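Here the protein sequences come in this chain order: V and D.
For the first sequence, the working numbering gives the first residue as 1, with consecutive numbering after it.
For the second sequence, the working numbering gives the first residue as 1, with consecutive numbering after it.
None of these hints come from the bench; they were simulated from the model.
Everything numeric in this text was worked out from a predicted model, so none of it was measured.
Each hint should be verified, as a subset may be incorrect.
What the hints assert, rightly or not - A few chain D residues facing chain V, derived, Cβ under 7 Å:
1) 287
2) 338
3) 420
Stated by the list, open to error - Non-contacting residues of chain D with respect to chain V, defined by C-beta distances greater than 10 Å in every case (computed):
4) 68
5) 77
6) 122
7) 155
8) 169
9) 181
10) 241
11) 346
12) 374
13) 383
14) 423
Said to hold, decoys possible - Okay, derived cross-link-like pairs now, DSS-like style, lysine-lysine, Cα gap no bigger than 25 Å in a straight line:
15) D:337 with V:242
16) D:119 with D:247
17) D:396 with V:242
18) D:173 with V:242
19) D:395 with V:242
20) D:321 with D:290
21) D:257 with D:298
22) D:150 with D:209
23) V:242 with D:384
24) D:209 with D:114
25) D:435 with D:314
26) V:242 with D:314
27) D:476 with D:435
28) D:512 with D:372
29) D:392 with D:423
30) D:367 with D:423
31) V:242 with D:257
32) D:150 with D:119
33) D:290 with D:119
34) D:392 with D:314
35) D:498 with D:173
Idealized CB from N, CA, C, for every residue including glycine.
One letter stands for each residue in the lines below.
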Amino acid sequence: MKETALAKLTWPRVRASRRLATRRAKLNVSSLLIYAAGFIIVFIVLSALFPGQIAPYSPTEMVMTDIMLPPSLTHLFGTDYYGRDVFSVVVYGSRDSLLIGLASVLAGGLLGASIGALSGFLGGIFDTIIMGFIEVLMTIPGILFALAIAAAMGPSLFNVVLAVALSSVPGYARVFRGQIISVKGRSFITAARSVGAGNLRIFFRHVLPNAWSPLLVMATIGLGTSILVGSGLSFLGLGVIKEIPDWGTLLSQGRGYLTVAWWMSTFPGLAITLLVLSVNLLGDKLRDHIDPKKSRV
Amino acid sequence: MLRKKSGWKSILALTVVFALVLSGCASTEKSGNSNNAAEPSPSADAAVTAAPLTGGELSYALATSPDTLDPHRSGLAVAVRAIRTIHDNLVAQLPDGTIAPWLATEWEISEDGKSYTFKLRQDVKFHDGTPFNAEAVKFNYDRILNPETKAANSAALIRPYKSSEVIDEYTVKLNLETPSNAFLGNLSQALVSIVSPTAAQKYGDQLGKNPVGTGPFKFVSWEENSQITVERNADYNWAPPLVENQKAPYLDKVIFKIAPEEATRIGSVQSGQVLAGETIPPQNILALEKDEKLQLFKANTQGLPYTLFINQNKAPWNELKARQALQAAIDVDAIVKTLYLGTYDRAWSPLTPGTFGYDKSLEGGVKPDLDKANALLEELGYVKGADGIRVKDGKKLTLHYVDGSPNREKRNDIAAIIQQQLKQIGVAVEVEITKDVRSIVFESANYDIYGNSQVNSDPEALRSFYHSGAASVGGKQNLPAYKNAEVDSWIDQGLVEKDTAKRQELYANVQKAIIEQAVIIPIYVFPYTIAASKTVQGIKFDSLAYPLFNDTFIQK
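Between the sequences and the hints, there should be enough to build the whole structure, so can you do that?
Take a look at the structure:
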């Protein structure tokens with residue numbers, strides 16, 4: 001994979017000087033989007049890391065005399081029915097939303113990849129059984145699977161992460177297994193084997209380094225999905241119950257007030273939308289960068 | 001290919017979030033087109049007058065689906081809305097608590113208070129033609145006692161009923177195990193209303209799907225999770241004094257539509273898809289009051305208000321001072337005003353204002369006082385730690401607050417506010433919202449605070465919550481784990497005391513003791529609310545705030 005990345009850097013300059021101008025114009029629009037996405041992600045990550053520096057009010061302070069005020073300069077996103085500043089709550093709420101997304105992608109990705117790698121590399125009856133099982137799991141929609149797990153285990157941060165992670169495992173496992181199998185069949189693996197390299201050495205030195213990049217792309221895009229599923233669980237009341245609610249909970253709290261105080265759920269909803277959209281855009285960009293097929297066109 | 005797919009993914013993600021955000025809007029945006037799907041227009045010349053018009057269908061959106069329409073087997077308030085239209089009772093309770101005749105014209109109570117002799121109306125027939133008589137009454141109450149009926153709430157309501165004797169065709173004597181002042185009031189409740197013996201025998205446990213009573217409306221059909229239809233009983237001539245129209249109702253039909261989603265329910269009232277809808281959230285009540293096409297019917301429920309019970313089996317809440325600190329730190333006024341926007345009344349006592357024996361002198365008695373609350377906790381030896389939470393002997397002062405899911409009447413939000421209020425006096429509140437209240441609260445008693453309410457017609461309802469003999473939790477304790485011999489004896493005397501003034505005093509004592517000893521924090525009195533088109537006239541309520549449609553008509 002290293003050679004393709006290198007090819008991508010040098011190849012256009014040599015061959016397509018005529019197309020370069022139009023290419024740059026196109027890049028500007030899409031790179032603008034990428035910058036915007038990057039900015040949003042940086043801002044949300046900063047919010048999650050240093051909410052106290054960004055939020056103007058405490059997220060738990062309930063001012064009973066200031067309930068349901070519309071957005072204004074003093075309350076950028078308005079106030080909710082407790083009299084909390086919606087902007088501050090959204091800023092503080094980013095922490096759980098991001099945490100659920102990241103932790104579940106990490107857990108789901110690692111578990112899925114391990115299963116996929118084992119299954120793909122070992123092959124045989126083991127592969128058949130595992131993949132049969134994974135395929136059955138794939139027939140259940142991810143959110144439904146997460147819903148069932150969360151409902152069975154009760155609401156807590158750990159359980160939500162677990163639910164979202166487990167629901168994404170089959171996807172990762174399948175993709176990684178396919179990748180491992182395709183790399184395993186390539187001639188340099190046969191070459192390595194013929195000079196007497198052992199299974200472990202082949203796996204860690206040759207197969208793994210050449211197979212992981214699609215997984216990275218998938219995990220980036222999966223981050224968006226995971227945040228969305230996590231928020232969905234909270235929205236349905238199966239999420240984290242804490243003093244500072246996450247975005248999905250905020251969305252559902254404001255839902256009953258849409259006709260009288262639209263800002264209560266619109267802004268948390270917008271936050272989810274922007275974050276997921278930005279993560280997906282960056283994921284796409286990353287894919288363009290890594291995908292060998294793309295760079296060879 | 002791959003690239004395209006992920007683009008779709010982001011669009012999908014976007015759509016899902018927007019769908020979540022906008023899901024509530026959809027129904028209300030329709031309010032422009034007011035197509036009245038419901039009523040055929042009554043005769044044109046009578047249109048201007050406010051005199052009742054015959055005919056028309058009332059579509060009425062219910063908040064949840066009834067469990068069964070068999071009054072003896074139901075336990076859901078929402079089922080009672082429909083059950084009430086189909087069934088009548090022997091007696092009716094008026095809003096002031098007095099008992100009035102209904103299917104029984106008069107009654108006599110024996111000297112020892114253990115037998116009630118009822119004279120029955122002679123002109124009453126069930127919808128299936130079965131005559132209503134003493135046999136039918138006996139059949140009904142025996143049916144509730146019979147374990148095979150699997151009676152739910154009705155079995156508790158009819159206690160201490162023992163047996164019936166048919167004296168003659170229209171005279172029946174009911175015998176009780178012990179005297180009970182609550183008995184007549186309970187007999188007025190819809191859950192012990194009279195069903196047709198013929199139908200009960202014919203349908204057995206399927207009576208709930210084919211209910212037959214003597215009520216103003218006859219059952220027509222029940223489409224699961226969609227709607228229940230009842231039609232006018234033209235022979236009806238025996239309405240209770242709760243309504244003006246003693247004869248057959250004006251409406252041709254009442255169609256109960258089941259609309260669990262709040263926004264949908266209110267939206268369909270606003271758009272005219274249904275003529276009326278129940279259980280309107282406070283924020284919408286305010287908006288509806290400004291709507292010229294709509295009106296609001298409201299009646300406070302009776303019995304026990306929504307009350308937070310403090311579990312005295314958990315330390316330190318066994319200490320009076322600790323409970324008093326909670327009482328002083330929780331600002332109930334602020335909670336009720338903030339969450340219910342002035343549409344719910346604040347509760348002051350273990351009873352609601354409309355209930356017999358309510359002690360008005362408790363109103364305004366408990367005032368929020370953070371200094372007092374802090375001082376009380378200091379006296380108990382709890383010192384504030386670095387994080388603001390009080391500590392004693394290395395143990396943090398925490399309070400385990402259990403509440404049910406889904407968030408009914410914004411009760412979860414009460415927990416969230418109390419969490420903030422108690423933080424100010426250094427109590428860390430751990431809120432647990434659970435779908436499994438039964439096992440956490442009622443089986444394992446694992447709570448410091450749990451909130452509940454009960455609709456009831458008599459202060460005898462206090463027994464199951466405050467009498468030490470009541471063991472609703474884990475078979476061992478009542479909800480607040482409250483044991484007080486004096487309160488026990490007042491409740492026991494209240495059940496049999498014949499002198500009304502004395503009985504009133506007994507219950508006043510009970511209420512005072514409970515508030516003085518900070519056994520509970522009463523929060524709000526739940527009003528049953530209906531939003532209806534202005535064309536709907538004359539929806540009345542029984543004493544428990546269940547709607548009555550005898551007087552209802554649709555104006556053109």
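Evaluated hints:
Annotation: residue 287 of chain D was flagged as interfacial toward chain V, and the flag holds, the nearest CB pair being 6 Å apart, inside 7 Å. At its closest, the beta carbon of residue 338 of chain D sits 5 Å from a beta carbon of chain V; the interface hint therefore holds under the 7 Å criterion. Taking 7 Å as the C-beta cut-off, the interface hint given for residue 420 of chain D holds, the closest approach to chain V being about 5 Å. In this structure residue 68 of chain D is separated from chain V by more than 10 Å, as the shortest Cβ-Cβ distance comes to about 26 Å.
The beta carbon of residue 77 of chain D is kept farther than 10 Å from every beta carbon of chain V, the shortest such distance being approximately 20 Å. Taking the minimum C-beta to C-beta distance to chain V, about 51 Å, the non-interface status of residue 122 of chain D holds against the 10 Å cut. The claim that residue 155 of chain D is not at the interface with chain V holds, since no C-beta of that chain comes within 10 Å of its own (minimum 32 Å). Its beta-carbon lying about 54 Å from the closest one in chain V, residue 169 of chain D satisfies the requirement of being farther than 10 Å from that chain.
At the 10 Å boundary, the C-beta of residue 181 of chain D stays outside the reach of chain V, the nearest C-beta of that chain being 41 Å off. Listed as outside the interface, residue 241 of chain D is consistent with that label: its C-beta sits roughly 38 Å from the nearest C-beta of chain V, beyond the 10 Å cut-off. With 10 Å as the threshold on Cβ separation, the claim that residue 346 of chain D sits away from chain V holds: the shortest Cβ distance comes to roughly 14 Å. The Cβ of residue 374 of chain D sits about 19 Å from the closest Cβ of chain V, beyond the 10 Å cut-off, so the non-interface label holds.
Interface exclusion of residue 383 of chain D from chain V stands, the closest Cβ pair being 23 Å apart, more than 10 Å. Taking the minimum C-beta to C-beta distance to chain V, about 8 Å, the non-interface status of residue 423 of chain D is violated against the 10 Å cut. Annotation: proposed proximity of residue 337 of chain D to residue 242 of chain V holds, straight-line Cα distance about 23 Å (limit 25 Å). Our distance criterion of 25 Å between C-alpha atoms is met by residue 119 of chain D and residue 247 of chain D, whose separation comes to about 21 Å.
At roughly 18 Å between alpha-carbon atoms, residue 396 of chain D and residue 242 of chain V fall within 25 Å of each other, so this suggested pair holds. Restraint check: the Cα-Cα separation between residue 173 of chain D and residue 242 of chain V comes to about 58 Å, which exceeds 25 Å; the hinted pair is violated. A hinted pair counts as satisfied when its Cα atoms are at most 25 Å apart, and residue 395 of chain D with residue 242 of chain V qualifies at roughly 21 Å. For a cut-off of 25 Å, the pair hint linking residue 321 of chain D to residue 290 of chain D is broken: about 46 Å separates their Cα positions.
Among the hinted pairs, residue 257 of chain D with residue 298 of chain D is consistent with the structure: their alpha-carbon atoms are about 20 Å apart, no more than 25 Å. With a C-alpha separation of about 15 Å, the suggested pair residue 150 of chain D and residue 209 of chain D falls inside the 25 Å cut-off, and the hint holds. Taken as a hint, the residue 242 of chain V and residue 384 of chain D pair is honoured in the structure, with Cα atoms around 22 Å apart against an allowance of 25 Å. In summary, the hint linking residue 209 of chain D to residue 114 of chain D is not supported, as the alpha carbons are separated by about 35 Å, beyond the 25 Å threshold.
The hinted pair formed by residue 435 of chain D and residue 314 of chain D meets the criterion: a straight-line CA distance of about 22 Å does not exceed 25 Å. Between residue 242 of chain V and residue 314 of chain D the alpha-carbon distance is near 23 Å, which keeps this suggested pair within the 25 Å criterion. Simply put, residue 476 of chain D and residue 435 of chain D have alpha-carbon atoms about 23 Å apart, close enough for the 25 Å limit, and the pair holds. Between residue 512 of chain D and residue 372 of chain D the CA atoms are separated by roughly 20 Å; this keeps the pair inside 25 Å, and the hint holds.
Between residue 392 of chain D and residue 423 of chain D the CA atoms are separated by roughly 16 Å; this keeps the pair inside 25 Å, and the hint holds. Between residue 367 of chain D and residue 423 of chain D the alpha-carbon distance is near 18 Å, which keeps this suggested pair within the 25 Å criterion. Taken as a hint, the residue 242 of chain V and residue 257 of chain D pair is broken in the structure, with Cα atoms around 36 Å apart against an allowance of 25 Å. Simply put, residue 150 of chain D and residue 119 of chain D have alpha-carbon atoms about 29 Å apart, too far for the 25 Å limit, and the pair is violated.
A distance of roughly 49 Å separates the Cα atoms of residue 290 of chain D and residue 119 of chain D; the hinted pair therefore is violated under the 25 Å criterion. Annotation: proposed proximity of residue 392 of chain D to residue 314 of chain D holds, straight-line Cα distance about 15 Å (limit 25 Å). Only pairs whose Cα atoms come within 25 Å are accepted, and residue 498 of chain D paired with residue 173 of chain D is accepted, the gap being roughly 20 Å.
Of the hints listed earlier, those the structure fails to meet are numbers 14, 18, 20, 24, 31, 32 and 33, in rising order.
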